[in-house]
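Trainee: Each chain, written out:
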Amino acid sequence: MLIFVLRRLGVMALTALVLTFVVFYLTNLQPNLEKLARSEGSVRMTEESVKVWLAENGFAKPVVYRYGEWLGVVPGWTHTDEKGTTRGRCIPQGSDPAEAATYCGVLQGNWGFSTVFKNPVLDEVAGKLGATGWLMMWVMIVMVPTSLIIGIIAGMREGSRTDRVLSTFSIASTATPEYVSGVILVALLASPMTGLSPLLNEWGVIGSKTLFQGSATSAMDDITFWNFFLPVMTIALYGIGYIARMTRASMTEVMTQQYIRTARLKGVRFRDVVIRHALRNALIAPFTVIMLQFPWLLNGVVVAESLFNYKGFGWTLVTAAGNNDIDMLLGCSVVAVIVVLVTQLISDIGYVFLNPRIRLS
Amino acid sequence: MPDMLSWPMIIGLMVKQFWPVWAALVVTFVVSIRFKRRLGLYGKLFDSPVGMVGFAIVMFWVFTAVFAPMIQTLPPLDQFGSAKNPLPGAPTPDGSPYPFFLLGGDHLARDVFSRMVAGARQVLIIAPAATTFAFLVGITLGLPAGYFGGKLDTGLSFLANLVLAFPVILLFYLLVTPEIRNTGIPIYLAAVLFIFPVIFCVVLLNGRYRTNPPRRNLYVGVTLVFGLWAYSGLAFNMDPLGVWGMEPNLLNVFVSVVFVNAPTVFRIVRGIVMDIKSRDYVAAGQTRGETPSYIMMWEILPNARGPLIVDFCLRIGYTTILLGTLGFFGLGVSPESPDWGSTINAGRKILSMVPHPAVVPALALMSLVLGLNLLADGLREESLKD
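Line by line, the protein sequences are chains A and B. If you use this note's numbering, the first sequence closes out at 361, no skipped numbers anywhere. If you use this note's numbering, the second sequence closes out at 747, no skipped numbers anywhere.
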């Protein structure tokens, strides 16, 4: 078991290294750097002065070397201009260059400075992750039980009418990506012109113009049912169908096993067969699926946060990408890659733990 | 000036506008059901109600794409009048080719209905083509990885997992930007990805006609000439005759979507091959002295077709969703383009005030993906019955 985990960790570290390098390479392409020089220096810089600016700010070195700097395994760049002032990657503004550290990269906790948010990347990412954490938590609270219940009830009696109805619902929900469900939910529930809200307002059921709020910006300070319901449902809906279908498939398979038939023939009630015998075996596969669903949720989070203007991690990623904020984008990528890899690891290890039939080595 | 249309009238006019689609659907269904016993898996589809509904929805959109110029009421890129976001059923200004905005207009007073119809054409050209390419890449790499195993498998699987561990949205933001075109990365990616279909066809034909050199040379030669001709045009835009070619923006989107999809196909193919290669007919082929390429292409691949066809349907739907995501973030083919993702993106800013410009393409996209999912479900059910 230990060797299995260690090997997995090794592959994971290698993957993380390669992925961060790819992101680093793609964000540090020459056109992006020139754009950065123009936005940080001055818009009317000539080609020549752009080159000088890049050289003075440590961007002239080969990309592998700069990746090392960013990672913190290669000494940071320094530059001394004609006046004798030394600036450098590891020298904060106004501090003594002699006291500065040689290495300062992600490993040392220096994630760079965001040009859009005017804040250190680490602080900014941590704050935004907190906001997204709440969103994720509610999505999970809604999504996991709903999808498991749908999947179990549908898979309990394969081919029954309940199964048909629930399976159709699951298929429909997997066909509704976040940007579609978000648009439809807003049009139905949060528009003062169409959908339910004008009707309810006319009947006097709700005092405000709309039933739910179409923007989740106010949820940054205070989460309420009315401002958080739509973004949570938007993200959850797409996942519900997928997990429910996986649960159903796993459940139908378990229900055809010999021990279920034995239990039925012994005279155990159908309810008890499902709860005691089938459920525990049927839930192994959905566990993996739920864990692997996290990377997809990231996708949903980005869409929902931009649609509902909730300033979390996804919104930050979009803003950073749209404004050529290289350090911020790198920081977001590191977090995203770590989330993906850690959930993969948990799902692998969890699968082995949950399923005693798998023997390692 | 005519009055606003009521909803029943709008629906009536839309149904009328779609007449070529209804006619084509009726012909397809009558012919298919008449001859269903002779049509193999496709014919069996008409035994499953779910599959039939899915097939009908998919074919509805396919025929809409085919007959788009006949169906659309107004030119999808032109503006009619100066009123912003006219409501569904509002009259168009005098002198327009059609008297009404059937499903309203967008913020530039372009007709939402016509844009949706024109968007179907865009989506139904890019999504199946990208999925096909992803499949050819995935199959060409997955067959040897599963069949030979060993170092090749380890290396390719690591690469596939690498791409799969990349959050899709981040990859899109990095790959589909205007700046990246200047660096030539999409062209390098295209150069790598687009060669696989050529390799696939050459290996396929070479394996089959290896024992008959004259025919082999003819077939492989024709494939090579034709394939490399298309390759030069699509990947490098250097087709000497100018038949094949892709807009740089479209190439960028296309390559990214193929790149995201191919590793999943690779994993599926690899898994199936590892299962099939222990069968007796594979051992029989090996004993007969067949080459590995023949066994992979003509023994294993035909027997893996069931799950692959089902996944192909699902994957077209998934690709449609991906293309929509790209459009939603403004990374699509072009800002003018009527494809559904871009129109949803344009409409979402004023969503709570005037929902129709965003809701119409959203429903269209959802119905197409739903149709593909139902079709895949029907196919799976029917193919499992054998």
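The set of hints was computed from the structure by calculation and includes no laboratory data. Any given hint could be a false lead.
[Claimed, not checked] Below, a list of computed lysine-lysine pairs in the DSS-like style, where the Cα atoms sit at most 25 Å apart:
(1) Lys51/A to Lys35/A
(2) Lys209/A to Lys638/B
(3) Lys512/B to Lys209/A
(4) Lys638/B to Lys512/B
(5) Lys311/A to Lys445/B
Trainee: Given the hinted pair Lys512/B and Lys209/A, is their Cα-Cα distance within 25 Å?
Mentor: violated (64 Å)
Trainee: Check whether the Cα positions of Lys209/A and Lys638/B lie no farther apart than 25 Å.
Mentor: violated (64 Å)
Trainee: Is the Cα-Cα distance between Lys638/B and Lys512/B 25 Å or less?
Mentor: holds (18 Å)
Trainee: Taken at face value, is the distance from the CA of Lys445/B to the CA of Lys311/A at most 25 Å?
Mentor: This hinted pair is violated, its Cα atoms lying about 29 Å apart.
Trainee: Does Lys35/A lie within 25 Å of Lys51/A when you go C-alpha to C-alpha?
Mentor: holds (12 Å)
When the structure is compared with the earlier hints, violations turn up for hints 2, 3, 5 and for no others.
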